[in-house]
Amino acid sequence: MRKFRLYFEEQHRSPLAQLWREFARQHSALFGLALFSSFLLLSLVAPFITPHDPYLQADNLLLLPPSWSEQGLVQYPFGTDDLGRDLLSRLLKGTTFTFGLALVTVIGALLAGLALGALAGMSQGMKSSFFNHLLDLILTIPSLLLAIIIVAVLGPGLANTAWAVSLALLPQFVHGIRNAINEQLKKDYVTAYRLDGANNWQVLTRLIIPNIWEKIIVMSSMALSTAILDIAALGFLSLGAQAPIPEWGAMISDSLDLIYLAPASVAIPGLLIFAAVLSVNLVGDGLKTAMQRRRES
Amino acid sequence: MINFLLRRLFLLGTVLFGLSLLAFSLGYLFPGDPLQNFSGIRQLEPQLRAELTAAYRLDHSYLSQYLAFLNRLWHGDWGLSLASQQPLLSEIRQVLPATIELTSYALLVSFLFGVPLGILAAIKPEGYLGKIINTITVAGYSLPVFWWALLLIMVFSVGLGWFPSGGRLGVLYEIPTVSGFMLVDIFLAETPYQQVILLDALRHLALPTVVLATFPTTVMIRFVRDAMLEVWEQNYIKTAKAKGLSRLQVLYRHGLRNALLPVIRQIGLQFSALITLAMLTEVIFSWPGIGRWLLDSIYQRNFPAIQAGLMIISVLVITVNMLTEILHTFFNPLARKR
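So the protein sequences, as listed, match chains E and S. Sequential numbering of the first sequence, starting at 1, is according to my numbering. Sequential numbering of the second sequence, starting at 1001, is according to my numbering.
Quick caveat, the hints were computed from the structure, so don't treat them as lab data. Quick caveat, the model's predicted, so the values are computed rather than measured. Heads up, a few of these hints could be off.
Selected chain E positions facing chain S (Cβ under 7 Å, derived; list incomplete) [as the list claims (entries may be wrong)]:
hint : residue
1    : 152
2    : 274
3    : 277
4    : 281
Beta carbons are placed, not taken as given, at the ideal position from N, Cα and C, and that holds for glycine.
Pulled out of the complex, with its shape left as it was, chain E reads as follows:
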């Protein structure tokens, strides 16, 4: 880098670099990003770093209090549950189920939503209006209610929860992506590209998707926070993850009857759900603000 500039030069950063600059200016967004990355990392490596087997029942160490109380053991930082399983290992393992699974469901719903939304956005007339009405119907049904109905049809279980949640998220994606595409289609540069002889597919892949992907990411962050909350809520209602699986919501409902004896076993999983959703929301908010500021500058 030169130390001084002889001539006045205008610097043009790429849109992505501008976005990152605006994003990095917000402390809360950076904090959220750090939290989000650590959850992401944990959900990938959790099975390898658990200090104890999360399913191993140590029957001489039932309901061990956390290590900060006097009766606690330092080998079990958060204590054990009523079957003698190490709480920390279970929580670590649970990251994969609550956070990781939510991420997978959102990616699944996003891909399906992208396909359907593109189909709906690029088609016009009767087909698109029928699609609209169908979407309006499904959007009126609350996502958790939809997930509950789907679970009632499929039966409880972790895999069915993933299906239910991603199906329940799908309408929002289709709706949002269709609107974003419609908005772009009206712009002049699309018309110009069409006059150059581009077909629908080229317009979609070369113009529209690169222009709406930031919106899609903000949409996905909102969907991800809904997905985490829904998976945890289904687990809490014991419609989702079943007994031995250490999903955070299911862990809360498992230790609900011990809430007087071991309040930490209810408080800590909840705190983790809260932190996970918070990190996603902070990143989403930061991105939204960064996009807005970039447009203004």
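Start from chain E and add chain S according to the hints.
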């Protein structure tokens, strides 16, 4: 306006049609015998089975089965609950008011707190107050509702003992059910202890309302804040300021009226999220509403009840959505053009 109303009515018709189609197909999608799923009768004697099959047209095509289904819905024959063998419609009539009561109080709270706080946050968005309010809203937005409810129960009912941890009314009191809305029923009941009972009912209401109101309040704060900030940039605000109006006058005469209009529509959009959260809240606080009833039906594999619950809740959400949108259009001429 009439054109708009007709279009909305048509949309309502389509949506209700689709919903009834979904509910009908659930009878086949749910595990078990479709006849049992539709009628909800547990013991089907061969003679009854033949009669019902004829009445429900199960031996005919799907189309005529669907028409028979619609006919039954219209005449209020929604089938029986598999668990209690009572007519579903009367069961729903018992539990629905409790949910509506709880959700409407939560909505009211979200209004009373959300709108002023949103305006406060918009006055100086980068100031301390704005930042504090912002932080609280992001946190409130991310709270898992069941955990929040448990925390509040731990602190306020178990720890401090200020509020009861569940139910609608203490077991000491008996209030005859007239409308199903607890506070209305207390006013209608003629007992010498009216005030004591009212206080007890309010204490039972406090925690569930706070829990349920957390999410809509935070959404409302953010919505009002964003709307205010957007309106504050408009030219008519600059004109009003240039005319020499004071800050408060501009805020009241030009800012609020324009910023708060979309809030009406926000109620409709909030309602669907609110119903979902109400289901969780009702389970935790053992509030005898439709959410707890529906979840119990799922645990009991009570398929007719799930079907009816889905229909009732969706119709409720759709109606509130439509009504608020029509109201919004009625008050806001700009929205009519689209």
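Status of each hint after checking the structure:
The interface hint given for residue 152 of chain E is met, as the beta carbon of that residue sits about 5 Å from the closest beta carbon of chain S, less than 7 Å. At about 6 Å, the closest approach between the beta carbon of residue 274 of chain E and any beta carbon in chain S falls short of 7 Å, and the interface hint on this residue holds. At a threshold of 7 Å, the smallest CB-CB gap from residue 277 of chain E to chain S is about 4 Å, leaving the interface hint in force. Given hint, residue 281 of chain E at the interface with chain S, holds; its Cβ is 5 Å from that chain's nearest Cβ, closer than 7 Å.
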